[in-house]
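So the sequences go chain by chain: A and B.
The opening position of the first sequence corresponds to residue 1 in UniProt numbering, with each subsequent residue numbered one higher.
The opening position of the second sequence corresponds to residue 1 in UniProt numbering, with each subsequent residue numbered one higher.
Since the hints were derived computationally from the structure, they do not count as laboratory data.
No false leads were slipped in.
One copy or any two copies: either way a pair holds, since identical chains are not told apart in the list.
In silico EDC-like links for lysine to aspartate or glutamate, alpha-carbon gap of 16 angstroms or less:
hint, residue 1, residue 2
1, Lys275, Glu182
2, Lys144, Asp298
3, Lys275, Asp197
4, Lys62, Glu85
5, Lys44, Asp18
6, Lys262, Glu108
7, Lys76, Asp101
8, Lys144, Glu223
In this text the structure is predicted, and so the values were computed from the model without any measurement.
Listed below, chain by chain, are the residues.
There are 2 protein chains.
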Amino acid sequence: MRVGVIGATGAVGKELVDVLARRRFPVTQLSLFASARSAGTTQKTPFGDVTIEEFSMERARKLDLALLAVSGDFAKAHARALAAEGVAVVDNSSALRLEADVPLVVPEVNGHAIGAHRLIANPNCTTAILVVALEPLRQAFGLKRVIVSTYQAASGAGAEGMVELERETRRVLVEGQPAQAEVFAHPLAFNVIPHIDTFQANGYTREEMKVAWESRKIMGMPELLISCTAVRIPTMRVHAEAVTIETERPVTPEAARAVLAKAPGVRLMDDVGAKLYPMPLTATGADDVEAGRIRANDVFGNCGLDLFLCGDQLLKGAALNAVQIAEQMKLPVPA
Amino acid sequence: MRVGVIGATGAVGKELVDVLARRRFPVTQLSLFASARSAGTTQKTPFGDVTIEEFSMERARKLDLALLAVSGDFAKAHARALAAEGVAVVDNSSALRLEADVPLVVPEVNGHAIGAHRLIANPNCTTAILVVALEPLRQAFGLKRVIVSTYQAASGAGAEGMVELERETRRVLVEGQPAQAEVFAHPLAFNVIPHIDTFQANGYTREEMKVAWESRKIMGMPELLISCTAVRIPTMRVHAEAVTIETERPVTPEAARAVLAKAPGVRLMDDVGAKLYPMPLTATGADDVEAGRIRANDVFGNCGLDLFLCGDQLLKGAALNAVQIAEQMKLPVPA
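Generate the whole structure from the sequences, applying the supplied hints.
Right under this line is the structure:
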């Protein structure tokens with residue numbers, strides 16, 4: 001199958017190539033597209049050395065599958081056109097996620113929504129990590145209210161975010177100088193920034209609203225009461241999430257654990273006596289979302305549950321979920 | 001006034017000396033007590049060089065005020081005895097906080113509880129920072145439910161915590177080696193650890209339960225529905241808290257802002273257009289608790305409010321609050 005990764009030099013683009021190889025996706029020809037600046041350079045991949053090309057519709061329309069890890073503007077300009085040419089498209093941007101005719105998919109939750117669609121949107125990283133754990137709990141106990149506080153890594157802002165955090169942490173520790181900021185709104189080294197993406201009129205950031213909007217669409221619960229506080233912290237990879245839910249029916253930690261232990265895409269990490277709980281340290285590079293710290297939250301009587309999640313936002317939050325979607329798409333037979 | 005700081009070489013002990021000087025507390029003689037290991041060494045202070053002594057009741061009973069920044073075991077052994085000798089005692093440990101005859105005080109909230117008591121408990125750092133902002137909101141709108149997720153700095157584990165985070169961050173960045181852990185349950189550099197203090201039978205940590213138990217006592221709301229997830233993150237100073245509340249009466253962000261703008265001990269930092277919100281970067285070394293990101297949370301209809309807090313846990317969360325308590329105590333007239 002002729003597969004193209006668009007935005008191949010970014011943090012998600014690189015993960016996409018690795019995930020395709022690791023999951024033995026039937027790639028017969030891999031094309032890598034990036035900006036004109038990178039075009040002509042060669043990238044080593046598990047599929048051999050690939051020369052990076054500048055994107056053109058003429059080239060891209062020959063693909064069977066296009067994985068888009070670029071901006072929303074790019075997706076708005078090209079995603080529908082590519083799909084119309086018969087290319088299966090998975091778009092990682094936020095541009096089309098809420099469009100009525102574009103399914104927004106986390107395969108463990110709503111893989112059925114893929115159907116015969118040729119253009120599928122890949123959700124926001126925080127959302128994908130959240131709903132993998134919420135959906136099995138919803139099926140078992142119902143879901144009334146969701147309150148989430150996030151602990152999001154620098155790589156959520158791409159490779160540049162990681163580079164900036166590393167450089168500025170060195171500046172503080174090695175040079176003894178104050179940290180600077182270009183990628184982030186403020187210096188991130190040894191700091192916490194409750195500001196990801198732009199602010200909306202209601203005081204929430206777009207990142208926070210994406211968690212609400214997208215969770216509702218993916219879970220098919222347009223009226224779900226859900227609120228998020230999205231916070232950038234000085235970690236490199238993996239988003240952590242402190243989640244409080246009110247269920248429709250009574251829930252116990254034991255019952256919730258039993259449900260999550262069987263849930264696809266979830267790894268139960270919940271043995272506090274052994275100091276076992278989700279952490280970026282253990283979730284980095286892992287496909288499954290770690291779930292733990294499960295306990296009864298009596299703020300909601302016998303319908304309250306707290307849990308803590310960690311998911312690699314470059315994998316389940318991005319590249320892995322995109323490839324999982326592609327695996328379930330009815331891909332065109334090559335000409 | 002003869003003032004003694006017990007545990008003078010720790011992170012909180014050092015802050016206590018600084019805060020006494022900065023607030024021009026009427027110290028006539030400063031005594032510093034620490035373990036036998038440090039005894040005999042000299043510490044530079046704003047009150048002159050002071051030779052550190054090993055603690056003895058014989059020495060300590062001559063104090064007018066004893067500020068305890070040591071373990072709960074020490075407080076259990078000596079705090080009541082010191083108070084019985086006529087020494088005013090402020091204890092920073094958790095040992096006596098829930099004792100019925102020991103007021104637990106955040107002066108902005110329940111300074112009236114001090115009365116003629118000679119022994120006052122200083123609350124948990126996360127709690128002190130929280131209730132300074134919660135109490136004015138409670139007075140204005142009532143308080144039904146509180147859900148808190150914390151972002152706690154290494155210094156919450158004392159000076160050793162800061163040393164470990166700095167050393168291990170260097171190990172990762174400069175030596176390219178994995179981080180190690182002695183003070184923390186796991187390596188903290190570039191990680192997140194949802195585990196502070198020991199685990200309880202209900203799955204919550206003691207740190208999380210302290211926030212519930214102590215907030216209820218300080219605010220005089222024994223039935224308050226409150227739940228906390230306490231998380232250690234790789235910052236040096238300042239605890240941040242994402243707080244969701246359900247009020248008894250309708251609340252708006254505008255009304256909440258007006259209340260917090262006038263609240264003692266709170267600094268309103270809430271102008272998202274100017275990228276102004278609470279952060280460790282700005283709250284480090286500040287007396288006031290920063291409050292911002294105030295917004296309506298419709299998970300609780302028109303009674304829902306979200307806010308974000310940052311407080312220097314060595315100041316409002318410890319040393320500053322202790323000195324504020326001492327300022328309001330009826331101190332014995334020196335013999």
